[in-house]
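Given chain R's structure and the hints, the job is docking chain U onto it.
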Amino acid sequence: MSLPMGRAQREIFGETVTELANDDPRIVVLDADLGSSTKGDIFEKAHPERYLQMGIAEQNMLGVAAGIAMMGYIPYISTFVSFAVVRPLDQVRVLIAQTRANVKITGAYAGLFTGQAGKTHQIVDDVSIMRAMPNMVVLSPCDDTEAREVLRWSAAYDGPVYIRLMRDATQRLFEDGHAFRFGEAVTVREGRDVTLVSTGAQTSRVVEAADLLAADGIDAHVVHVPTIKPFPAAAIVEAAAKTGRVITIEEHSVIGGLGGAVAETLSELRPTRVQRIGLYDIFTESGTNADLLELYGLSAPKVAAQVGALLREG
Amino acid sequence: MSEIAAPAALDPRELARLTEVARRIRVEIVRTVAHAKAGHLGGPLSAADMLAVLYFHTLRIRPDIPDWPERDRLILSKGHSSVALYAAMALRGYFPLEEMATFDAVGSRLQGHPDMLRLPGLDMSTGSLGMGISAGAGMALGARLSGLDARTYVILGDGECQEGEVWEAAMVGARHRLDNLVAIVDHNRLQQFGWVASAAPERTPHPPHWGGELVAKWEAFGWRVIEVDGHDIPAFVGAFDAAARPDGRPVAVIAHTVKGKGVSFMEDRYYWHTRPITPEELAIAMQDLGEPPGPQAAETAGGAR
Numbered sequence: 000m001s002l003p004m005g006r007a008q009r010e011i012f013g014e015t016v017t018e019l020a021n022d023d024p025r026i027v028v029l030d031a032d033l034g035s036s037t038k039g040d041i042f043e044k045a046h047p048e049r050y051l052q053m054g055i056a057e058q059n060m061l062g063v064a065a066g067i068a069m070m071g072y073i074p075y076i077s078t079f080v081s082f083a084v085v086r087p088l089d090q091v092r093v094l095i096a097q098t099r100a101n102v103k104i105t106g107a108y109a110g111l112f113t114g115q116a117g118k119t120h121q122i123v124d125d126v127s128i129m130r131a132m133p134n135m136v137v138l139s140p141c142d143d144t145e146a147r148e149v150l151r152w153s154a155a156y157d158g159p160v161y162i163r164l165m166r167d168a169t170q171r172l173f174e175d176g177h178a179f180r181f182g183e184a185v186t187v188r189e190g191r192d193v194t195l196v197s198t199g200a201q202t203s204r205v206v207e208a209a210d211l212l213a214a215d216g217i218d219a220h221v222v223h224v225p226t227i228k229p230f231p232a233a234a235i236v237e238a239a240a241k242t243g244r245v246i247t248i249e250e251h252s253v254i255g256g257l258g259g260a261v262a263e264t265l266s267e268l269r270p271t272r273v274q275r276i277g278l279y280d281i282f283t284e285s286g287t288n289a290d291l292l293e294l295y296g297l298s299a300p301k302v303a304a305q306v307g308a309l310l311r312e313g
Numbered sequence: 000m001s002e003i004a005a006p007a008a009l010d011p012r013e014l015a016r017l018t019e020v021a022r023r024i025r026v027e028i029v030r031t032v033a034h035a036k037a038g039h040l041g042g043p044l045s046a047a048d049m050l051a052v053l054y055f056h057t058l059r060i061r062p063d064i065p066d067w068p069e070r071d072r073l074i075l076s077k078g079h080s081s082v083a084l085y086a087a088m089a090l091r092g093y094f095p096l097e098e099m100a101t102f103d104a105v106g107s108r109l110q111g112h113p114d115m116l117r118l119p120g121l122d123m124s125t126g127s128l129g130m131g132i133s134a135g136a137g138m139a140l141g142a143r144l145s146g147l148d149a150r151t152y153v154i155l156g157d158g159e160c161q162e163g164e165v166w167e168a169a170m171v172g173a174r175h176r177l178d179n180l181v182a183i184v185d186h187n188r189l190q191q192f193g194w195v196a197s198a199a200p201e202r203t204p205h206p207p208h209w210g211g212e213l214v215a216k217w218e219a220f221g222w223r224v225i226e227v228d229g230h231d232i233p234a235f236v237g238a239f240d241a242a243a244r245p246d247g248r249p250v251a252v253i254a255h256t257v258k259g260k261g262v263s264f265m266e267d268r269y270y271w272h273t274r275p276i277t278p279e280e281l282a283i284a285m286q287d288l289g290e291p292p293g294p295q296a297a298e299t300a301g302g303a304r
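Chains as they are written, first to last, in numbering that gives the first Met the number 0: chain R, 0 to 313; chain U, 0 to 304.
Same shape as in the complex, but just chain R:
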């Protein structure tokens, strides 16, 4: 099955935060001069008085976000994920996470798709970093439908949330009406031979890979994890028990990310062999989206080939 293309999560970000702000005067957007890229500009048009330009100064922006949250506002961050997570990491840690400030760290450009910008803009260790941050919720929606639901949920949650959004259009896995359930994993395909666990836009490519595997006689069980923290441990244990073998696939480093979380969970609760597909301790490079997925083994055919090879190895 080839999934249809959905809309870009960054557009969903601009639209959804704008819609939320129509009904909730507490919602503001803080931008570090990238609103035309993050689609924060949609918000600026609708709510110019609540669109707070912070200039190219991200450490201060995250600090301002903490301060304005203490005054009862709900700030959403508009910059690339690299500059919302790692550049101001100490501000996120001290002013937002420790204080449980009601700040939503958003902004798109997570993973490999950055408009061919390369290593500085691609961020593939954000899940590891934010997962280790006390008090931080980490969400990684698959497509446009789920991104919209996750953003809506985030406004109603009182506390710091990191939402890993993508720049470009990705395949649509979920139809309208799909509900995001915080803290739960989603079984997107039932199977008996192997459990594939994925998150973010990679899940769509894993679903496509599962169809390719089916043609080879491999019946894969596919679990999507939109809430990485708190981690849905029970669902992962159950999915592992179903097949006795787990392979994680993520558009992210294999160190400490989804694969790390799955391995930690299963080694403690139900020892199961876990193998991880993802980026192995490298800085990534610029290229077209399709070329990058091929290069790093994350396209549907490449995932299917790797899973097949791992299973044949025994």
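Hints listed in this document are in silico derivations from the structure and should not be mistaken for laboratory results. All the pointers check out, no bait thrown in.
Here are some, though not all, of the chain U residues that point toward chain R, as calculated from beta-carbon distances under 10 Å:
(1) Ile74
(2) Ser124
(3) Ser127
(4) Ile132
(5) Ser133
(6) Gly135
(7) Ala139
(8) Ala142
(9) Glu162
(10) Gly163
(11) Glu164
(12) Trp166
Even for Gly, the Cβ is constructed at its ideal location relative to N, Cα and C.
What follows is chain U alone, placed relative to chain R:
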């Protein structure tokens, strides 16, 4: 052009009250650090007078309702001087003075660096330098958006102004014309270790430089700058009164201070930034601070210390 704060015409009784508060803050700083055998001294002592004026004269606060929405906000960006803030808050009635004995200890609300989730009345957690002014800018923006006339005060160290984030915040504060934001720079001219000046190999403080580097920087970033002798209480009151008359610019009060102020052997000595104090040194310090000899607070506090 920076302004020099005109001293306020304080009633002599009010001046005496604020002077006594500042003295007691210093006594609590030194006693508490001696008891905890940890903590900072030089920076807290240089900030004692500004805290006395803020908590006992300037700030619109209600210690009985620490989260009163209309309160003025205060952020101690130089969070390592927490003991001075705690002393001022205890004396103002936010918590019992005896609790100072728990400073720095496991389970205490008085953490080594301020933790707003533990102690009601703290408006922000701090301790990583350069951050408080950003959070303060956020509070000032939030106050303005919601039509609240509360002011936000942020105390920074002069060494802290080496952090780039301070100047990011200064840029944004001026851009957004946050004239409800007041940065107070404790300009004691020393930091933990600092530079060795060629003419002063022993890490002596820079000579006081009124109208100097810090003033020029804050002014260049579009802030209104008011200079004040940081140990002159009427001048401080005058500076904060002036700061409360908005002109569209955020205000930087550059407070010229002496590190370790009030304790003879600590003044202008960089190594008293943080250092254990012996019982003999404690006795001299108490004498310097005009604290009558006799049982220490350890005993009077019912053994809590």
